[in-house]
Each structure stands twice: as structure tokens, then as C-alpha cells.
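First to last, the sequence lines map onto chains X and L. In terms of our numbering, the first sequence opens at residue 1 and continues consecutively. In terms of our numbering, the second sequence opens at residue 252 and continues consecutively.
Please keep in mind that the hints were generated in silico from the structure rather than gathered at the bench. Misleading hints may appear alongside valid ones.
Derived DSBU-like pairs: lysine-lysine, alpha-carbon spacing no greater than 35 Å straight-line [unchecked claim]:
#1 X:K218 x L:K289
#2 X:K88 x L:K338
#3 L:K254 x X:K35
#4 L:K326 x L:K254
Here the structure is a predicted model, which is why all the values come from computation and not from measurement.
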Amino acid sequence: MAETDQIDKTHRTGIRIEGLKKRYGGGDTAVDALKGVDMAVAPGEVVGLIGPSGSGKSTLLKCLGAIIEPTAGRMTLGDHVIYDNAWKITDLRALRRDKIGFVFQAPYLIPFLDVTDNVALLPMLAGRPNAEARSMALELLDALDVRHRARAMPSQLSGGEQQRVAIARALVNRPPVILADEPTAPLDSERALAVIRILEDMAAQFATAIIVVTHDEKIIPTFRRIYQIRDGRTHEVAGLGIPADASGQGR
Amino acid sequence: MAKLIATSAKQIGMFLVILAIVSAAIVAFIIYTLTMGKIREIAVLKLIGTRNRTIAGMILQQAVGLGLIGFAVGKVAATFWAPFFPKHVLLEPGDAARGFVAVVVICVLASILAIRAALKVDPAEAISG
Numbered sequence: 001m002a003e004t005d006q007i008d009k010t011h012r013t014g015i016r017i018e019g020l021k022k023r024y025g026g027g028d029t030a031v032d033a034l035k036g037v038d039m040a041v042a043p044g045e046v047v048g049l050i051g052p053s054g055s056g057k058s059t060l061l062k063c064l065g066a067i068i069e070p071t072a073g074r075m076t077l078g079d080h081v082i083y084d085n086a087w088k089i090t091d092l093r094a095l096r097r098d099k100i101g102f103v104f105q106a107p108y109l110i111p112f113l114d115v116t117d118n119v120a121l122l123p124m125l126a127g128r129p130n131a132e133a134r135s136m137a138l139e140l141l142d143a144l145d146v147r148h149r150a151r152a153m154p155s156q157l158s159g160g161e162q163q164r165v166a167i168a169r170a171l172v173n174r175p176p177v178i179l180a181d182e183p184t185a186p187l188d189s190e191r192a193l194a195v196i197r198i199l200e201d202m203a204a205q206f207a208t209a210i211i212v213v214t215h216d217e218k219i220i221p222t223f224r225r226i227y228q229i230r231d232g233r234t235h236e237v238a239g240l241g242i243p244a245d246a247s248g249q250g251r
Numbered sequence: 252m253a254k255l256i257a258t259s260a261k262q263i264g265m266f267l268v269i270l271a272i273v274s275a276a277i278v279a280f281i282i283y284t285l286t287m288g289k290i291r292e293i294a295v296l297k298l299i300g301t302r303n304r305t306i307a308g309m310i311l312q313q314a315v316g317l318g319l320i321g322f323a324v325g326k327v328a329a330t331f332w333a334p335f336f337p338k339h340v341l342l343e344p345g346d347a348a349r350g351f352v353a354v355v356v357i358c359v360l361a362s363i364l365a366i367r368a369a370l371k372v373d374p375a376e377a378i379s380g
């Protein structure tokens, strides 16, 4: 994508955390899972977050996803400070639904709703009228090349198509950030790179910051920036930035 | 003669109640076990904002589906077996409809345990590690 094609980034900061700490327990048995983490991801950027188990990776992901409350620090999402030594948002569930997109290893679609309704569910829950929610859903299904499956039930789709629908769902409310938790773990090289390629395209198209938590060596070379977490602290390293588009379609 | 029928009817009635309770327990156990095996899925759906009633609906659907299969098997078996039963069996037309309603009610009640467990799931379970 040419520089001039990139969406103007001055409005949104993506996601930024400063000095994030998380302590479990208290007194002698306290565990500092996060000891002061700094991260910044710009809109349109896809960064990797890697670390061994016990490094605080899951805790960091849970803080980023507003699933658990940090102990100290500051979190800025889009244009809003959402945490500053205390939550600045009262409805965390709505925050997760509207401002954070989640992508997992498996699609986790609702089996008795068709593909469109699976994606339209989130804007409907956010209060949009049904017709508008469905048209937002169709727009995303189109961007992800699964529009032709709009009326199908999830069980009728291939694994790759289901994952695209799941990514569409993560994007439908146009969140400033997407958190992907090991999205390529069960996939072979071709499909894994295809997922990363999709995430890169979507990041650019929708000016979304994407954090991919992974230990998958097949995709780590694609990131331009990587955050390594160890013992509750992060270190930013330059990635190889090898484009993910070499291996063909991969559904 | 009327007294004989009344006693038999009472016996069958009690038998049916016991059967209903046992069936409810079996369905409850199956649905609860199936639900507890899907904690990750439930956590994910909760995480992305799915409402509790949608999750409850998914469990209910499974429970009622299970019951309907049981009802179909039971109805077919009863219809074919009735002529060969040692005692004279009278199957009235309304029985099938009443049995159907009973099955649905039992399955709904049986799923309550699983639904309560599902609603308590912590969204944090969705994140691996």
C-alpha cells in the first residue's frame, strides 16, 4: 500500500499503555505479574507480543482487553484514557464489545445464527437498529471476502471461512484495537500467513491497531515490531517485517 | 371394576412421576457435563459481549433437542410395543401431546443447573494461559 493510501492517523492513538503494573495477592504472597509495562501501537500497525509462559503475557493480554483490573499505570485507547490508576470507564463489558476486537484460535461463532447475524450481533448489542447492524455486517463480510456466505450457517463454512467471519465480527464495531490471542496456533504455514495477511489488510483498511499474541515461529518473521515480555516487563525489538503475501491464497 | 382401574391409574401415575424425575436428572447431568466441557467457548462469547440470555438459549436448545430425540424414540417404541405388553395398554391420543409437553418442561427445568453454571463463567477464561 502506498504511503499516500494510508488513512490519516492523527485522530486516533491506537492503544498505548504506560507503566502498567499488576499485582496478585498481597503481603508476603504477592506476585507482581506486570512490573511496569510500556507499549504503544499505532492505528494500522500489527505488532507481535511474544513471551514464555509465566512471563505475564496472559496477564498483559487480560489488562489490554479490560478483562482484569491493573494495579497501577495508564491505558489509552483511541482518544480516551480508559485507565489511570483506576478505571475511567464504568461499563467494561460495553468497552470490550465496542472498543476492543478479539480474535482467538477458533472462530467461536454462535451455531444457531447465520453468518450475517453472527457479525451483526455486536452492533445490535451496541444499540444499532437491526437493519443498520446487518448492513455493517455485510460490509465487513465483503471486506473479508465471505459475502457470498452471508446467509449460511456457521457449520456449513470451512474453517478458514469461519475464521474470516470471526475476524469480521471483531472489526464490525470499528474498534481502535484488536487483540489476537494465538490466532494461528492450529494452522499450517500457508493458512497461518493467510490469517496474518488478512489482519494486515484489515489494520490498514480500518486504521486499527492489532496486537498478535503468539509463539508461532511461522508468523513471527512478519512483524515489523515485536514486544517481548519476560518476568513482567516488555522490551521492544525490531522484527524482520517479511511480508506475509508470498504463500498464495490459503483458505 | 372402576376401583381396579383407579388403582392401576394411580400406580401408573406414580410410576410416571418417578420416571419424570429420573429423566430430568439424567438430562440435567448430560447437559451440565456438556456445558462444563465448553467453558472456553462460553467465556469467549461473554468476552465479546454476548448477552446472558443468548448463552442460556444455546444451552436450552441443546437440552430440548436431547429431549425431543428421546421423545421420538420413546413414542415409536411405545407405539410398536403396546400390543405386546403383558398388561392391556390403553394409549389415548392426548397422551402423546401431554408426553411431548412433559418432555419439554422437564428439559427446560433440567437445564437450569447448567445455565446457572454458564452464567457464572469468568470471561477471563477465554484467554489461554
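Outcome of the hint check:
1. X:K218 x L:K289: 29 Å, holds
2. X:K88 x L:K338: 73 Å, violated
3. L:K254 x X:K35: Judged against 35 Å, a Cα distance of about 81 Å means the pair is violated.
4. L:K326 x L:K254: 29 Å, holds
Going down the numbered hints, you'll see the structure goes against 2, 3, while the others check out.
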